[in-house]
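K.L.:
Sequence:
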Amino acid sequence: MRHIAVTILFVLICVVTCSTMSLAQTRTTPVEVKNAPSVKIDATANTVKMDPSGNSVKIDPTANTVQVSGTTSVNVANTPTVSVGNSPVVKIDSTQNTVKTPAQSTIISFATPSIPLAANGGTLSSPLINCAGYREMRIVSTIPSACASPENIHIDVRFRAQYSGAYALFGTGSFATATTQMTPYANFTQSNLVAYMSVPIVSDYARVDIVNKQTYSISISDAWVYLLN
Numbered sequence: 769m770r771h772i773a774v775t776i777l778f779v780l781i782c783v784v785t786c787s788t789m790s791l792a793q794t795r796t797t798p799v800e801v802k803n804a805p806s807v808k809i810d811a812t813a814n815t816v817k818m819d820p821s822g823n824s825v826k827i828d829p830t831a832n833t834v835q836v837s838g839t840t841s842v843n844v845a846n847t848p849t850v851s852v853g854n855s856p857v858v859k860i861d862s863t864q865n866t867v868k869t870p871a872q873s874t875i876i877s878f879a880t881p882s883i884p885l886a887a888n889g890g891t892l893s894s895p896l897i898n899c900a901g902y903r904e905m906r907i908v909s910t911i912p913s914a915c916a917s918p919e920n921i922h923i924d925v926r927f928r929a930q931y932s933g934a935y936a937l938f939g940t941g942s943f944a945t946a947t948t949q950m951t952p953y954a955n956f957t958q959s960n961l962v963a964y965m966s967v968p969i970v971s972d973y974a975r976v977d978i979v980n981k982q983t984y985s986i987s988i989s990d991a992w993v994y995l996l997n
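The sequence shown begins at 769 in the working numbering and counts up one residue at a time.
Read the hints as simulated data drawn from the structure, not as lab findings.
Just so we're clear, the structure is a prediction, and the values are computed from it rather than from any experiment.
Glycine is no exception: its CB is placed at the ideal position from the N, C-alpha and C atoms.
Incorrect hints may appear among the rest.
To be verified - Now the in silico label distances, taken between C-beta atoms and shown as ranges: (1) Gly901 x His922: 27 to 35 Å; (2) Pro912 x Ser932: 35 to 43 Å; (3) Ala916 x Thr891: 17 to 25 Å; (4) Leu961 x Pro870: 30 to 38 Å.
Work the whole structure out from these sequences, hints included.
P.N.:
Pasting the structure below:
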């Protein structure tokens with residue numbers, strides 16, 4: 769009997785030991801992540817995604833880009849270097865913590881050297897001016913010497929009409945003495961050999977015509993258009 773009892777005790781010890789080892793091998797430890805969103809790493813797409821809010825951060829090593837979608841707050845420490853391809857040029861001023869876009873400008877000259885204009889309607893026209901992306905057009909024209917009737921040398925500004933496509937007259941200036949000077953400071957007075965005006969851009973294309981309505985011929989020393997955004 770004693771031998772049987774020892775045998776039974778031995779069997780029970782073996783069963784308990786095996787059960788404990790089995791539990792130790794299969795037991796898992798739960799991990800709780802609080803405060804959504806969860807973070808998923810997708811090795812195939814090489815992305816880090818924050819779900820389920822829809823926000824995501826994608827790192828594309830091929831294109832060397834980082835894409836951020838959804839409503840996201842981005843905190844950039846130190847002084848970053850940002851490279852933006854193509855136009856426009858974008859600069860980050862770390863001192864003022866601002867993003868700056870330099871002014872873009874274009875100069876179109878159409879009367880160099882001096883060009884004669886016949887009496888009673890002789891006209892000098894600029895090439896068609898592409899105004900897309902600009903806000904202002906500054907027009908400058910000069911004559912070599914004073915004339916008797918400067919008000920009869922017209923500078924017509926024409927913009928392309930959106931419906932008809934024709935170049936409609938927007939306004940007219942002249943070489944007459946300006947009643948309002950371009951700057952009110954330091955007693956500035958515009959030369960009587962220069963006609964200047966600033967015109968807002970109201971269409972995608974424009975043209976400038978200088979028309980001599982005097983009874984004698986004249987010449988235009990220089991003329992140009994300065995576009996500014």
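K.L.:
Against the structure, test the hints numbered earlier, and report the numbers of the ones violated in rising order.
P.N.:
Violated hints: none; all satisfied.
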